[in-house]
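Trainee: Sequence:
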Amino acid sequence: MITELRGWLMLGLGVIGGVVALLTYSRGQSQRRLENSFRMIQLFRDSIPTQDFEQWIKLFHAASEPAGAKPGHFVSEDGRQIPFSALYTEGPPDDGAIDRIAQVLDLVSEQALKRTLDLRIFYHEYGQLMDTIHSCLSADVGSDGRTLLEDLYPNFRLLYEKNKIATDWNCRRYVYYG
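So the sequence shown is numbered by the working numbering: it starts at 10 and just counts up by one.
Hints in this document: simulated from the structure, not taken from any laboratory.
Since the structure is predicted, the reported quantities are computational estimates derived from the model, not experimental observations.
Don't take each hint at face value.
[Unchecked claim] Each computed DSBU-like pair below joins lysine-lysine, with the alpha-carbon atoms no more than 35 Å apart:
no., residue 1, residue 2
1, Lys79, Lys173
2, Lys79, Lys67
3, Lys173, Lys67
4, Lys171, Lys67
5, Lys79, Lys171
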């Protein structure tokens, strides 16, 4: 009888210990994702100079309907419709700013797909940037039927294809049309 009671007690304590260990592990993973999110935000800030951010703002305005841009294009300073693929030619009009930003976003997307960061935190800070660059690079379809996003930034494309960003997430607004 005592041996049986002792066995049940050991089993109960083992189960309780296992549950505590799993909860501790889960909370530790959540904390690591949170820390990684803030590290990625800092990496983004360190990697993208102010000039690149200003180039994105110019592109944001130039690619808008109020500016007269057609889908997959932006309006140059002299009023011409220029496809987004021009950003990936020799001597691009933005000096390679969108490419540099998209490269970092592809890295962030890779980590988000691996679930090593809390994407919602990063999206809150840079969602407008992510959405507009995604929209621009997926609007320009090449002669082979593939977009710039598919060719150059596979993780960034997958992030949106797999619906990892909920439509109800809020993000910081850096710039407005008008």
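Trainee: Against each hint, give a clear statement of whether it holds in the structure.
Mentor: Hints, verified against the model:
1. Proximity of Lys79 to Lys173 is assessed by CA-CA distance (about 28 Å); at most 35 Å being required, the pair is judged to hold.
2. At most 35 Å may separate the alpha-carbon atoms for a hinted pair to count; Lys79 and Lys67 meet this at roughly 16 Å.
3. With a C-alpha separation of about 28 Å, the suggested pair Lys173 and Lys67 falls inside the 35 Å cut-off, and the hint holds.
4. The straight-line distance between the Cα atoms of Lys171 and Lys67 is roughly 29 Å, inside the 35 Å bound, and the hint therefore holds.
5. For the given pair, Lys79 sits about 27 Å from Lys171 by alpha-carbon distance, which is consistent with the 35 Å threshold.
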